[in-house]
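Read off the chains here:
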Amino acid sequence: MGGLNTSLSIGMQALDAAQGALDVTSHNIANANTPGYSEEVVQLSANSMTMSRGQVSGGGVTLDGLQGTQNQLINLQIQQQTSLQSSTNTQSASLQQMQTFFTTTGTDVASALTALSSSLVALSASPGSSVTQQSVLASGQNLAQAFNTTANGLTSAQSTADGLVTESVAQINTLTQQIGALNGQVARLTASGQSGGAVEDQLNQSVQQLSQLTGISITQSSDGETITTGSGTPLVMGDQSFSLQTTTGSDGFQQVLDFNGKDITNSIQGGQLGGAIQVRDTTVPGLLSQLNTLASQFANSFNAVQAGGIDSNGNPGQNVFTIPINLADAASGISVAITNPALIAVSSVGSPNSNGNVASLSAVLTTALPSGQTAAMAYASLVFDVGSQAANASTQSTAIGENLLQLTNQLGATSGVNINDETANLIRFQTAYEAGARIVSTIQQLYADTMNMMT
Amino acid sequence: MQINPNITPTILSDMNQSQSALNTALQQVATGLSVNVPSDNPTASAAMVQNTIDTGNVDQYQQNVNTVLSTVQSASSVLSNVVTALTRAVSLGTEGANGTNSAANMQAIAAQVQGVFSSVVSLANSSVGGTFLFGGNGTTAPYTADSSASTGYTYTGTNDVSSVAVGNSLSVQVNLPGSQVFSSSSNNVLGSLNALVTALQGGNSSAISTATAAVNSSIGFVSQQQAFYGNAENQLNSQETSLQQDTVTLASQATNLVGINLATAATNLTQAETENSAAMAAVAKVMPNTLLNYLSPPA
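These protein sequence lines are chains A and B, in that order. The first sequence lines up with residues 316 to 770 when you count with the working numbering. The second sequence lines up with residues 5 to 303 when you count with the working numbering.
I should point out that these hints are in silico values taken from the structure, not numbers from a laboratory. Mixed in with the good hints, there may be bad ones.
[Claimed, not checked] To be clear about the criterion: a stretch of chain A counts as covered by chain B if any three or more of its residues have a C-beta under 8 Å from a C-beta of chain B, and this derived list gives those stretches: (1) 413-422; (2) 438-447; (3) 692-702; (4) 735-747.
Given the structure is predicted, the values throughout are model-derived calculations rather than measurements. For each residue, glycine too, the CB sits at the ideal point set by N, CA and C.
Chain B with its partners taken away, still in its complex shape (with noise of 0.2 Å):
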């Protein structure tokens, strides 16, 4: 058999794979990818784009959640506030309505009810981080005290709802705007209040009966209400479990496309570490034989 004589270009070809084979392990160790540019996986570069989309929508979803969830939770806990507060009103009203009270008592009791409806109102009106709770879409306090007006207030925010995305293709209403939290085609809770209040003041019990019954009514009406907000939260909570599954999964999925396993690479590492010396070794050990070696100088 002819062989060729100048291994020189074996030899370089043999280094360079070996050369190369390292490159890449150690390109593997220092960045902990297996992926490093579109060509050393086409299919999984291809499949991170989406992987990169969805696990930035996921981190953002999650943070909306936690916005939306103190939001409905304050809300939850201002409506258990008006709760309290239409109860004492109540029991102000039952209290008006026994008929027994002497005048100035009358007007104690009427003055202490008002205070129940200022501290209502003023519950309508809370916000969160410059949002109105119970305001729709609007941008100032939804409920002003107003004695011209029959029910005693006014509304000034909107009707709208707002749903904020937390999930793909998923969105959570997180509000309800104050003219459905507070009033209805038969319950009006301000209205009450306010009814309550004219009611003591004008002293006649059986009006102040029927007024303490239309605010006990509230007080059913608004835990309804706050009904709302307690699935919300729960909706909300077992999103963000979801969320957190999804950001697992979504992390595992990335490390499968083009991570790398830190033991594997290392492993790869060492191995190409030790072809590359063999590689080399052998060449430094057959590139200087020739018969020349072995022929003693002419005498």
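Here chain A stands alone, though its shape is the one from the complex (with noise of 0.2 Å):
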């Protein structure tokens, strides 16, 4: 009786394993869209047949176990480009906001300065006209207003920058935490011989998440996954994590700070912590300073040819803008110091009716300022500025994702859940399941026959 004991417990087997693989090949078509899982494949293995004293014994097939299917490779560049696209998404939506104020709406400073032109030019026609003197000076209202508006313009979108840091950090700290639990998960499983599974997945998927909010590398040890910042700052450790800190800095900017208390705000890269910092500190400080330069530059300048000039009562021109001391605050705070029309000083002679000084003031926009540059050439470069560096961003990051695309097709070919492959398998193990079965009935069907043998 031995060898059909032999069958019936390898029969026993292959219904094991067929049914093993079955509830693998359902766990993967449950999972098909669970973000982040990666596709497991049941190991089997023969178990080795002996034959002694023409007998058979052994045989049949073990179930080993589960073979996750993650891409590590593929992984860590998918995080990378992750980081550098949430970066180049914050840039460029900070930027696609910004760009509004540079737009022509009427009431931007390429408009404003438009209209303080024209008004000019027919002041030139008609010098003693209160109606054009009234013009000009609310042409030169409406050029004050839109620096105004440029400037607060750019500074919204950098306190905007600045609520994502702190935000981004937040964030950052509660993923780091959930990362370095996870890791030690792994790392038990991985240390008692088990596949990580589910959890790795889990982890990988936060730590994408974690990419997505800043630059990272990545190194494997024993205890599993260290994470530091793109400059070295330790974000996780094994199973221990360490917070960022903000506080608020001399600039009233919230700095990042490592848990050392080491600043580290200007080493941050990627992410939508890196974007946001680079926004904040880079890319609208350059803007508002060639937006500053310029008010000051062409208020200064009309100032001064309308001191050289004589206004309708006969004295001598007033400052007609008036500029903040400190040049940081210049297109912000700039505003025309006059309300009376008849102080413009058209005169360069002092009779009521002369235009002589209105030639001067109009070659204030035409002449080069102190930059080198006339007011619409600095302004025009400043449209230029923002207008390439958002087209810039927009480009960048469509072209990220195109290879982000290509990553995460690589990764799901790798690892993803194939419907088709499951719906196969699910029919070869039900196949599988249905002969082993067929092998514990015929064997019944001996034993069965053996003992009618004996009656």
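Using the hints, put the two chains back together into the complex; each one sits in its own frame.
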């Protein structure tokens, strides 16, 4: 009866293996759309068979376990590209918001310069008219407001970015805690010789979320993953996580500190945090400084020409524009100092209908400011700057998006759940189960036949 | 070759691309512009700053030309009237100098010349829109008949001239002060008329002849001054033509920079719509396809 018993136990093993494989296949199908899930593959191995004295013993199949299909290399590339894209997207969103202030809307600086220029041309033809004088004064006020609005638009984008810094740091801290805990679990599973499986998928998913927030660098160690910022500040080591902190800096913005309290703001790159810091500390200050220089130089030149002329009351021209002493506040704080249109210095000789100074006032718009550019050129280069930065950010984001799509497809090809494959597997293992069951029923029949021999 | 069984990311990316192309095409048709924000074309947006300023200026230069042109034309026609009046005074003077007039006639002629004098003073005080044509920058009527003055009048205008901007770095002088139009070192239009009145009142034929000759020479002088306004008018007319040209150039530059041909925009829109529908149709066809569709349910 030994031979039949062997066959029966092989049949049972076949049933167990097919059952296990069906379980794994069902698990794969069930998680086909779970974010970060990677396909599990069932590992089967054949038991050895021995033959002694004409009797076969052993044999059958063993379900060894499950093999994950994570691809760490592609995961790493995806994390890097995700950081880059998230940083670019943050900058792109800010620039899109900022560039609306440089679009011709009628209240932008270009429109205001246009109106001031043509109102001065009109003043040339009717220097004594209070209507044309009023129109010059109103255009001056509009220009000052356009500078204010544009500067406020830029600083508002800057404060939004500053808010994003605080928010990103909080999210980073939550994620690094989770990652630390998951890291510990994976390390314990690996130590006991088990596959990380679902926990590892979850870990990968969290790390990927972290890479959206800031650029990270990952090294594997016996304790699990060690995650640092791009410049080496530790975030997670094994099951330990290190929180970042924020504190208000001398410029009034949030600075990022590592767990030791060291300021690492300038070394952070990539991710939403890197993008926000880039916008806040580089992009906006660069644009604001151009705008401030323009506002201040234009206003000073205009005031100088105004001082060289004589107003309709016969007095030397007073300042038309008031500019804050601090250059950094020039564009946001510029205002018009006079309210009486008769105070515009139209004349160079002092007689009421003379327009001798109007040409010089107009010339402020057409001659180079101390920066070497005319007001229009200086503003045009600012428009170009904003526009090309916005265009570059958006092009870059699209390019990285393509790249990421490629990588995601690669990852999907190696570790994604293919419903067609799983369906085929389902049929395969169903058939295997049926065949296993047939072995058992055949052996049962043989037992019965053997029993009947005795009667 | 391994393929990614999850086609959703690719599908989403394709659909986003086609949707964004559709949005762009739609916006271009709606605004008629290919550049709506600086990032659409940074170079063109920057160039548009100068274009907008220039367009505004050219519009205003054209208005200035029109305003100034009417002033210059008025001044020119006033001077024509002055010449006519002076010619009348010369014929009256010639009549007064022929020695056949009675004392009463002489007084009548003198009164007529006096009338001519008054009308020339009034012409010299002409104003357009509140600005005195021959008063320099003065704000009150420049000429007053003044019998106590040796010339018979006083000039209260200024000696200023005005130049009005009518183009980039082009301004046209649009007036001559009365002190220059009606008098010089050798001619004095109003003075000569006043002297003729005095001579006619005095009745001395040779004095009348001398005074008439002086008025006659004034005619030539005023005609010379009139040439200034003729030149200004020519200059303004040619500038107006050039400004119209500038308007066309600037508008076509703007179209080249940020505009879009309506036919192109419409074609782009149609193409984007077709692409979008094709992408959606493809998705609808592909999405539900799995092996399961082709397996009969277990019996």
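Hints versus structure:
1. Check result for the segment 413-422 of chain A against chain B: holds, 5 residues qualifying (beta carbon to beta carbon below 8 Å, three or more required).
2. Given as covered by chain B, the segment 438-447 of chain A passes the check, having 5 residues with a CB less than 8 Å from a CB of that chain where 3 are the minimum.
3. Given a C-beta distance limit of less than 8 Å, the hint that chain B covers the segment 692-702 of chain A holds, as 9 residues qualify and 3 suffice.
4. Coverage of the segment 735-747 of chain A by chain B holds [criterion: at least 3 residues with CB-CB distance below 8 Å; count 5].
The structure shown violates none of the earlier numbered hints.
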